[in-house]
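> Here is what each chain is made of, one letter per residue.
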Amino acid sequence: MQIRFLNRIKENSLFVICVSVFYLVELTYILTLLYYFGYTSLILSTILYFTLFYFGFLYLAFNFTILWAAIKRNFKLIPSAIRRLMAWLGTFKGGLTLFCMLIIAIIPLLTQNAYYLGSMFIVAMIYTIYAASWDFLAGYTGQVSFGQAAFFGFAGYVTADRILIQNWPWLPSLFFGALIAVLISLIIGIPTLRLKGPYLALGTLSFASILYLLFAMPTILYGSTGLFGVPRLSENVIIEYYIVFIFVIISLTIMKAIGNSKLGTVFKSIRDDETGAEASGIHTTRYKILAFVISAFFAGIAGGFFTMRNTAVSAQIFGTTYSFYPLVMVAIGGIATISGAGVGAFFFIFLIEILRGVADFQWLPAGAADFLDDALIFSVLLILVIRFAGAGVLKSAIERLKNLWDILLGR
Amino acid sequence: MGVILEVKNLTKKFGGLTAVNDFSFEIERGEFIGLIGPNGAGKTTIFNLLTGFEKPNAGSIRFDGINITGMSPYKIVNLGIARTFQLVRSFKFLTILDNVSVSCLSPRGKKVSKDIGTEEYASSILTAVGLVDKARIPPIVLPHGDLRKLQIGKAVGTNPQLLLLDEPFSGLSHEEQLGITDLINKLHDDGVTIFMTGHVLRELMTLVPRVLAMHQGKLIADGPPREVAGHKIVLEAYLGRGEGFA
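Protein sequence lines correspond, in order, to chains U and X.
Taken in order, the first sequence gives residues 1097 to 1507; the numbers are from this note's numbering.
Taken in order, the second sequence gives residues 2 to 247; the numbers are from this note's numbering.
For the record, the hints were derived by calculation from the structure and aren't laboratory data.
A couple of the hints might just be wrong.
To be verified - Capping the alpha-carbon separation at 30 Å, the derived lysine-lysine pairs in BS3-like fashion look like this:
id: 1; chain 1: X; residue 1: LYS14; chain 2: X; residue 2: LYS233
id: 2; chain 1: X; residue 1: LYS115; chain 2: U; residue 2: LYS1352
id: 3; chain 1: X; residue 1: LYS112; chain 2: U; residue 2: LYS1172
id: 4; chain 1: X; residue 1: LYS56; chain 2: X; residue 2: LYS111
id: 5; chain 1: X; residue 1: LYS76; chain 2: X; residue 2: LYS187
id: 6; chain 1: X; residue 1: LYS135; chain 2: U; residue 2: LYS1491
id: 7; chain 1: X; residue 1: LYS115; chain 2: U; residue 2: LYS1358
id: 8; chain 1: X; residue 1: LYS76; chain 2: X; residue 2: LYS56
id: 9; chain 1: X; residue 1: LYS115; chain 2: U; residue 2: LYS1168
id: 10; chain 1: X; residue 1: LYS14; chain 2: X; residue 2: LYS76
Input sequences plus hints: build the corresponding full structure.
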């Protein structure tokens, strides 16, 4: 029975990713314990870890067996994967992606201005992960969630709690926050994913609103002031920049890879025709929950980074604003593209910044100005995008660029 | 051979309307059987009940010895009943190959596709239905006849024992109908039990050796096409609506 189980699991290349992530979490967990007990109590922490949580070495050894078998099976795929990657980089789209990545990678060399790097580039990159997580759910699986802030915010709170109150290092805190977001997504997803279309949107929105009210209460949880004084990733903004940059690349690659895999095909079939997918023998609810969980994980990662960037978190993070940000960004960049989320996020953040400089709302009563400039930009932008670029700016921009490129090369 | 599908006293009501009324029949393994009846007789409702898209008010359905009454559609598909729809359905932003791959990725389809690979299995199905040269294009650009073939391909991907075809000929030209007929015959020769509906009888009557006729939710005749076509109530049901047998 064990052999059959092994065989079934080995076939799944996604499994390698899952187990690897699992090991990362385990590793961070051990490190956290070490952090607590100090290096002198290494043995104690190890004993605690193995006995209390994972029933000893046998479990770990079993895991290693599966992981090794899976890696061996997929090992022969690596050369062809590299070949395909190189071929892709040679194409126009691949080259453009590489070029954009390089541009973003060298930004800190061009400017060391902490405001530009911190409040614009890093924030835009965090929003990229966040918007991409929404795009994964809506673009690939067709499930429109208006409550993405529930995962974003909850992970933000949990990360802040771990760092501030439990004194954990940032990496385990971040993953812990994301895992709790996954848990929340199960609690929200299992009842709401039976709903369809606008009902799902409203259902998820109401969950986010409940969380907002809960966290805004003055006496329970963290009170109406929330948590503040969360340390940043690093004192040095450039180091922070590169940490977030690496996470953006990894997150987007994973989401894109899932989208292009067989699992992604099943997700897209649910998006295109849920009844048809069911008639093809697909357990649609299970796959929708899986997509929800993956989306929540990345939204959680983004939420953790966001809290650390802002050094504070309050109930505002569950507000509808944060639920609609990814929606607008994805609408700008183009749905079901993942990378479009990045284009949308950067576009959005920079536009707000430019308009803040230009627009003068001094004549408005205090407080109204803040609301108005965000809301105005939101609505005007959304209307313009829907009117002139229904499929998002990314696709048409790439097409135009490619035409230009062809002309330049004289094709 | 043995009975593959056993339907007993099946009843389905929509509000005051009884769409299927005390309907009982059996299908033998490997049979090729048709279901006829005028528009609105309840043929599609029968299919929806058999595949779990509707829950019956009364009665039972047994497939291969298992009681499948009220089961969810995906469970029924994975037991081995696949269906096509009267109105063509497709995953319109996926390629033709991926449309079929989805079925091959269902638990039942995987049993076959895991040894030869999903893509290879899907390609072999596309070869069988005659769409292999269009594997990489999306279904929105396909003509209606090819969409009907794709429907059948998607159903075959789940490796069914019993295939329910809902109006496989509707809206097709004569040549396209012949192509689908060949395809269905080929599937039947491969051992798939086939149960199909039609409200225009010409193609159906020449194809199947046994026909069920229904009218206003009730089974009114069961037998070889020639016999059923001569049946008094069947004639009334059709002639009453001004439709005749060709």
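> Honestly, which of those hints from before does the structure not fit?
none
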